[in-house]
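A.B. asks: The residues making up each chain are set out below.
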Amino acid sequence: MVDDKEGLSKSGMRFFGKMSASATHEIKNCLAIINESAGLLEDLSMMAEKKPPLSLARVNDISQRVTRQVNRADIVVRKLNRFSHGVDRKTQIANLEETVSFVLDLASRLIAMQGVVIKVTSPLSRIMVETNIFYLENMIWKAIETACLAAKEKKQMVISFGTDADTPSIWFSMDAVQNDLMDDLFGSKEDRALMKHLDISIKKNKDNNGFGLLLLKRNPVTPN
Amino acid sequence: MSEKVLLVDDEKEFLEIMSERMTARGMVVTTTDSADKALSILKKESFDAIVMDFQMPGMDGMEALKAIKNLKPELQIILLTGYATVEKTVEAMKIGATDFLEKPADLEALSEKIKNAKTEKMLIVEKQMEEKIKDILQRHGG
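Those protein sequences? They're chains A and B, same order as listed. Here the first sequence stands for residues 1080 to 1303, numbered as in the numbering used here. Here the second sequence stands for residues 8 to 149, numbered as in the numbering used here.
Rather than coming from a laboratory, the hints here were simulated on the basis of the structure. Quantities reported herein were computed from a predicted structural model and do not represent experimental measurements. Do not take every clue at face value.
Straight-line distance between alpha carbons at most 27 Å, and here's what the computed DSS-like set of lysine-lysine pairs gives [to be verified]:
#	chain 1	residue 1	chain 2	residue 2
1	A	1097	B	19
2	B	128	A	1107
3	A	1234	B	73
4	B	73	B	128
5	A	1231	B	128
6	B	76	B	19
7	B	95	A	1089
Across the chosen pairs, the derived CB separations fall in these ranges [said to hold, decoys possible]:
#	chain 1	residue 1	chain 2	residue 2	range
8	B	51	A	1150	51 to 59 Å
9	B	27	A	1264	44 to 52 Å
10	A	1171	B	37	50 to 58 Å
11	A	1171	B	116	29 to 37 Å
12	B	37	A	1147	22 to 30 Å
We put the CB at the ideal spot given by N, CA and C, even for glycine.
If we strip away everything but chain A, and leave its shape as in the complex, we get (with noise of 0.2 Å):
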């Protein structure tokens, strides 16, 4: 128990922490670029003082620029912010295609660096579960940066949903994988406490290129 508990709360503590890294780090960039855009500014100032005109739409390129990255960091302290206020209720109920696209939009920049395309093909009716959505959240990422590693050359995902009433699925498939890798997938010690704490099972796909997070029994709620 105290296992599980302590499993658990690393692999949160990880999660937040990359999570938390990475959308600084864009933050970061949009600061870069706000800074050189203050300092261009007043270099162009600095040259009209001794030639001037200074041009008018050099000037309002320049604060088209401020805006869009200004807007940018909105987004991402926005998705940050959600993700953060994840940790408020220990359950409550999420749409599982919802929750997906968010774990992707949030974990864009890493998913980038990682050179990997995936593409999510939408299930056939919205699958509504009672979960703990930070852990959640946090499983759906292990999930898709196990898959990465265990992705041979062409780094293409495909993500998709299984609507079975009682076990609703997330699958993770690939074009070709290291089978070293598949052979021992969630084993961790935390990954094993996360499981147990959402109540998923894995189970590998039958092409044998990917897997699948089952939600047991007690996730699923019947959508409005």
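Once you have looked at the hints, place chain B on chain A.
C.D. replies: Okay, now just chain B, sitting in the frame of chain A:
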């Protein structure tokens, strides 16, 4: 003489503004948005310094640093980063990074680092030339 700099960052807007500001300060700037492309450029051209983002899609910062140092050991590399941990900084310095600068960077500080990097590179190249001459003289009994 002006400093010749290769600026590498996946943020295109950052590249545009930085290169404009650096050019206005008398530097000759080439830009590219990935470490892979930077390596191709380095095979054809020579630079006094590279200013490179440490976290970019594709080849990771440490990997890129190793590859550049392998190709051109005398090259001075200044890393730009969102947040540098002590561990990463030490590791990068061991591989051969000349300096670190956190984003958003102060352009005056960066210009200073580029000037220092150029001086350092000239010293290394001079030393290499000296050794080559010594070697030639020894081999030809001069």
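A.B. asks: It remains to establish, for every hint, whether it holds in the given structure.
C.D. replies: Status of the hints after comparison with the structure:
1. A:1097 / B:19: Roughly 24 Å separates the two Cα atoms, so the pair holds.
2. B:128 / A:1107: violated, 30 Å
3. A:1234 / B:73: Since the Cα atoms of residue 1234 of chain A and residue 73 of chain B sit roughly 24 Å apart, the hinted pair holds (cutoff 27 Å).
4. B:73 / B:128: holds, 17 Å
5. A:1231 / B:128: violated, 40 Å
6. B:76 / B:19: holds, 25 Å
7. B:95 / A:1089: holds, 22 Å
8. B:51 / A:1150: 51 to 59 Å: violated, 38 Å
9. B:27 / A:1264: 44 to 52 Å: Between residue 27 of chain B and residue 1264 of chain A, where Cβ atoms are some 49 Å apart, the hint holds.
10. A:1171 / B:37: 50 to 58 Å: The hint (50 to 58 Å, Cβ to Cβ) holds, given that residue 1171 of chain A and residue 37 of chain B are roughly 51 Å apart.
11. A:1171 / B:116: 29 to 37 Å: At 47 Å between Cβs, range violated.
12. B:37 / A:1147: 22 to 30 Å: holds, 25 Å
Violated hints, in rising order: 2, 5, 8 and 11; the structure is consistent with all others.
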